[in-house]
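Participant: Work the whole structure out from these sequences, hints included.
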Amino acid sequence: MTSRSAGVSLAFSQVGHGFSHLLTLLFPTVVLALEREWGLTYDQLLPLALAASILFGLGALPAGWLGDRWSASGMMVIFFLGTGVATVLTGFARTPVELALGMAATGLFASIYHPVGIAWLVRNAKNRGKALGLNGVVGSIGVAAAPLVAGVLTDTISWRAAFVIPGVACTLLGLSMLALMRRGSMMDTRADVTPDPKASRDDVIRAFIVLSLTMIASGLVYQCLSLAMPKVFAERAAPILGSGATGVGIAVSMIYLVSGACTYLGGYLADRYPNKLVYLATFALQVPVCLVAAGAAGTPVIALAATLAILQTLNLPSESMLLARYTPERWRATAFGAKFVLSIGVSAAGVPLIAWIYGATGGFEWLFFAMGAMAAIAAICCVSLPGGRDDVAVPVAEKAAAAAD
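So in the working numbering, spot 306 of the sequence shown is number 1412, and the numbers just go up one at a time.
Keep in mind that a hint or two might mislead.
To be verified - Now the in silico label distances, taken between C-beta atoms and shown as ranges:
#1 Ala1466 <-> Arg1289: 48 to 58 angstroms
#2 Thr1147 <-> Thr1262: 17 to 27 angstroms
#3 Pro1458 <-> Leu1281: 32 to 42 angstroms
#4 Pro1202 <-> Arg1110: 44 to 54 angstroms
#5 Ile1263 <-> Pro1345: 43 to 53 angstroms
To be clear, the hints were calculated from the coordinates, so they are not data collected in a lab.
Keep in mind the model is a prediction, meaning the values are calculated, not measured.
Ideal placement from N, C-alpha and C gives every residue a C-beta, glycine not left out.
Facilitator: In structure tokens, the structure reads:
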């Protein structure tokens, strides 16, 4: 693969990460308008996103397998076109059932990105931590933009525009990528630019078991926070943010912009320090934050939600590097697919969990307690990961210098 082709591929991978989150997180803010327009309650509307959340995770495994066995770039074209068109169609929904079906199709096509796009990035990156950190920044920009885009378009045009306009933009990107492929400006590669030393069979098995558990817990915490945050702010911070969707959208967006920038720091830490210790620390610190946030309101709840979002994104580069370290190259996209089946598909349980807790208690205190328990379980599991003080990703330039010595 030429350097130009690799650069174009990485650019589309980065942008795709942003759109995969942008288009799947429009609904938590749009739902605030649907409560008024359709005359349904929050706990009645939120489960409409359940199928989308499940497919966003479950679709990752077959998508990763196709990325390994067929074409990573071809799968990315399908991602852009399919996700974009499905989001546009969601904007034309006339009933709750049609809305749920449209979001489900969006979730299915969006599930292609994480196994294919991230494995593609890892394969071509010289400094994986840095590249994954930047990728996390772009992904978090997508997360941050979702409530802002949804809130502004809903308040200024309509909730339908909040789906249609971003969907059209994603579709145009897919058409552009297809044109570049046909011109030969983008090609696949099968070999890692920076190969890892081979891991022992015992370490591979141990890492698989532990990472499976931590990714389920992490996915549940992320899902609960991202879905519940707009409603938490609408109820607990209304005097600060106002009663409309725009104020809430801006607050949530700013939080994910800040946390997204911190993903780059997570990549730096993953390149310089033992991945196992970085991963463990980020989970351990989430526990007290969740416990304090359970009873917070006003400015404190905004600050605590921001802290929790930052800790969640700090651990993503180390998690991806641990997974890449203990996975054979030829199964890389499939392994990332399995990761997102666990972290996103299984974590779709967060949707009914939020709805049940809110319906039963009328608030979110017990949701934060549950999130703290999940983070504690993940931290305990991290202790059993292989690796330690010597398990540090050294940048390629330093490896070359060491080899020369």
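Participant: Compare the structure with each hint and give your call.
Facilitator: Structure-based check of each hint:
1. Ala1466 <-> Arg1289: 48 to 58 angstroms: holds, 57 angstroms
2. Thr1147 <-> Thr1262: 17 to 27 angstroms: holds, 25 angstroms
3. Pro1458 <-> Leu1281: 32 to 42 angstroms: holds, 37 angstroms
4. Pro1202 <-> Arg1110: 44 to 54 angstroms: holds, 47 angstroms
5. Ile1263 <-> Pro1345: 43 to 53 angstroms: Given range 43 to 53 angstroms: violated, Cβ gap about 27 angstroms.
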